[in-house]
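Taking the hints into account, I'd like the entire structure generated from these sequences.
Protein chains: 2
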Amino acid sequence: MLESLVQKNDSKILLIVLDGIGGLPVINGKTELELAKTPNLDSLAKNSALGLHIPVDYGITPGSGPGHLGIFGYDPLEYEIGRGILEALGLGLCVEDTDIAIRGNYATVEKSDGKLIIKDRRAGRIPTEENRRITQRLSEAIKEIDGVKVFFSAGMEHRIALLLRFPNPLPEGSDRIKDTDPQKEGLEPIRPVGLTEASERVAKVVQKLLEKVEEVLRDEPKANYILLRGFSQKPRMESFEKRFGLKACAIAVYPMYRGLASLVGMDLINFEGQSIEDQIKALREVWQEYDFFFLHIKKTDSYGEDGNYQGKVKVIEEFDRYLPSILELKPKVLVITGDHSTPSILKGHSWHPVPVLLHSPYVLGGTSERFTERECLKGELGIFPAKKLINLMLAHSLRLAKYGA
Amino acid sequence: MLESLVQKNDSKILLIVLDGIGGLPVINGKTELELAKTPNLDSLAKNSALGLHIPVDYGITPGSGPGHLGIFGYDPLEYEIGRGILEALGLGLCVEDTDIAIRGNYATVEKSDGKLIIKDRRAGRIPTEENRRITQRLSEAIKEIDGVKVFFSAGMEHRIALLLRFPNPLPEGSDRIKDTDPQKEGLEPIRPVGLTEASERVAKVVQKLLEKVEEVLRDEPKANYILLRGFSQKPRMESFEKRFGLKACAIAVYPMYRGLASLVGMDLINFEGQSIEDQIKALREVWQEYDFFFLHIKKTDSYGEDGNYQGKVKVIEEFDRYLPSILELKPKVLVITGDHSTPSILKGHSWHPVPVLLHSPYVLGGTSERFTERECLKGELGIFPAKKLINLMLAHSLRLAKYGA
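Sequence order for the protein chains is A and B. First residue of the first sequence: -8, per our numbering; consecutive thereafter. First residue of the second sequence: -8, per our numbering; consecutive thereafter.
The hints are simulated quantities; they were obtained by calculation from the structure and are not laboratory data. Worth double-checking, as some hints may not be accurate.
The list cannot tell twin chains apart, which means a pair is met if one copy fits it or any two copies do.
Straight-line C-alpha distance at most 30 Å; calculated BS3-like pairs for lysine-lysine [unchecked claim]:
| no. | residue 1 | residue 2 |
| --- | --- | --- |
| 1 | LYS175 | LYS393 |
| 2 | LYS321 | LYS338 |
| 3 | LYS37 | LYS305 |
| 4 | LYS21 | LYS102 |
| 5 | LYS(-1) | LYS169 |
| 6 | LYS169 | LYS106 |
| 7 | LYS199 | LYS305 |
| 8 | LYS338 | LYS110 |
| 9 | LYS369 | LYS21 |
| 10 | LYS393 | LYS323 |
| 11 | LYS213 | LYS175 |
| 12 | LYS323 | LYS195 |
| 13 | LYS28 | LYS321 |
| 14 | LYS393 | LYS369 |
| 15 | LYS169 | LYS134 |
| 16 | LYS272 | LYS3 |
Owing to the predicted nature of the structure, the values given are computational and were not obtained by experimental measurement.
Below you can see the structure in the form of structure tokens.
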């Protein structure tokens, strides 16, 4: 229904994601947002619509994939992002519609009686440097199998991502291939088997690829094979522009979030540097070219995951210092939120609702003093499903026509 | 989706249901919870997550069945508990998968021209004592019909519950049998007719049973027949343990609530006495043996139904006095709520959202001063569907894995 009401205008919407922003009391009964000194956010909060979003469902802790899909307006229970796709995106591979993405481990195998036997599923956790060298060898030696392009990308230690790019669209279910990793040493790798006709076609390419890999890595002392898991296709998603009528771009540093933005068809902005300041500079440079801007700030989550609440507080305070320069751009709608909560006391993502601030000329405001979990509870947006945030952003930019007469 | 994320650990979850706890202003603008002096609940509320649940839907007043199914995590619109089942549970009959449960009325009939004519649909509302004597007669005379075991249980006045226990599983729809009570005197009882093939098989057994009943009760002056209504099968529900990975038990005094707990496969704890103190003693005794404990306190509802607000206030205050001894058990997650509201001014169940208190190490807290309807509105849980309470209990006991990567 929403899509049928979308109308265009020249307003600008800026969505700032402070990754993992939500928290819990960590010291003196205060959360990270409550501990941070944020004069600019405080003043904005007083004149904004506040609330909290539930990323997936009550009590459900989302990964980064579902967390972002929700705030992009795609139901995270409807669109599932496979492990292979996420790994590929995280390592900076650009995933296309005709791709099969796969997670891999370098492994040590030994031939005995004509059989390959797994000696070490992680090839002795080779150093990342070593991984890069070997992955480079593979990339040079294997570029194509039966007309299917092959891409490799080195991860940390023994981890690797692979993409098989087919020349033509793949039917749904082409990724239904059993992992080749038997999860145990002393066994043979499992032959790639497709569980459907479409995936069996893919599995045959994978089998040939593995034979080629074995040949190329024969002389490697440790990483002489690859075990594969998480075969997956890109979820079929209508692009952000087609769905919501918004020409959108992403200003993000980390490959995973750039990848998630590219999944919904946002343009990825390239820029120098990695700081918040660098990101705002990039934002300013492309401000005239788009309707919708997704600005992703990662460090709030990283410090939360480390249990380093002071670090998280500092990133929040750093962001606060740059807020005035963001406001100078005068977006019609500014949203500040997170993709999920990452309370320092839990050292990980959590299920807790995520603070949302929405600033536009059409808010009630005056409900709350600050942008914190507890102050957001008093706000006019209440507690709502993340996937409805897009409705609010479109409405506040006057991009939704009336429903019914 | 929830079920696929469930993981086990050794945390304990305690769900305390104060039946019909929610109320409305009854004197001086205060509700029963607001009138009660509850120092222990007040202090717990300050450090807990508060909110209100909607048992079934906005504006819908639930019976005890739907009210409990919701907070047990079973959608009350998906799982319907038939009237016969509820009556049987309420009278302490243990319902099995192969049972057909039926509500009955003792009635007075007269034979005229070879026809049975109903003279009094309630057999002159015979005293309960009289009912027990007659039901005892039936129980002794009729134990089986064509290999189907028959159980009778006396209710109040003319009311009775019956169970037909078939030797083998029954197909769904076996309970689709028309009531035999024509709802009017001067008519013949309706012959039991099955609306499907499966239920016709059951109807034939019912017909034979009724002939037997007529024979046995022939010499009774008033209660010489039974009219039957609400034929029902036990709803097909996955057990609580299978669904949520929780070994669960129920500590409840009244048969109805013990029955509802047994429907989802909770173990029923037997104990001496009926007081809150007795219940807590029983709880303590089985504390090491289970993951999940359902403690049901009935009297809040009974007084509400009588319109006796002082009585309801007193039960709340009594519960408050025992709260410290409950907290000594140190459950990882403690939830205090009701299955529905029973405002004294309505003298019955109502549709109003029900206060919820959730205590765990992972709450925000600090939002509210007391456990009352108005203070719960300020809480971090918001107003949410009852069936989502299980998500929150599982999440706060760290029994849910992350969704997506």
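Each hint tested on the structure:
1. LYS175 <-> LYS393: between (59 Å within a copy, 24 Å between copies)
2. LYS321 <-> LYS338: between (36 Å within a copy, 23 Å between copies)
3. LYS37 <-> LYS305: both (22 Å within a copy, 29 Å between copies)
4. LYS21 <-> LYS102: neither (58 Å within a copy, 79 Å between copies)
5. LYS(-1) <-> LYS169: Only across copies: LYS(-1) and LYS169 sit 26 Å apart there, 45 Å inside one copy, limit 30 Å.
6. LYS169 <-> LYS106: So LYS169 and LYS106 pass the 30 Å test inside one copy only (20 Å; across, 68 Å).
7. LYS199 <-> LYS305: Neither. Shortest intra-copy (51 Å) and inter-copy (77 Å) distances fail the 30 Å Cα cut-off.
8. LYS338 <-> LYS110: neither (33 Å within a copy, 73 Å between copies)
9. LYS369 <-> LYS21: Both. Shortest intra-copy (17 Å) and inter-copy (18 Å) distances satisfy the 30 Å Cα cut-off.
10. LYS393 <-> LYS323: Intra 19 Å, inter 35 Å, cutoff 30 Å: intra-copy only.
11. LYS213 <-> LYS175: within (17 Å within a copy, 76 Å between copies)
12. LYS323 <-> LYS195: This pair counts as neither: shortest intra-copy Cα distance 52 Å, inter-copy 51 Å.
13. LYS28 <-> LYS321: within (23 Å within a copy, 36 Å between copies)
14. LYS393 <-> LYS369: both (28 Å within a copy, 28 Å between copies)
15. LYS169 <-> LYS134: within (23 Å within a copy, 56 Å between copies)
16. LYS272 <-> LYS3: within (17 Å within a copy, 51 Å between copies)
Hint compliance for this structure: hints 4, 7, 8 and 12 are not met, and every other hint is.
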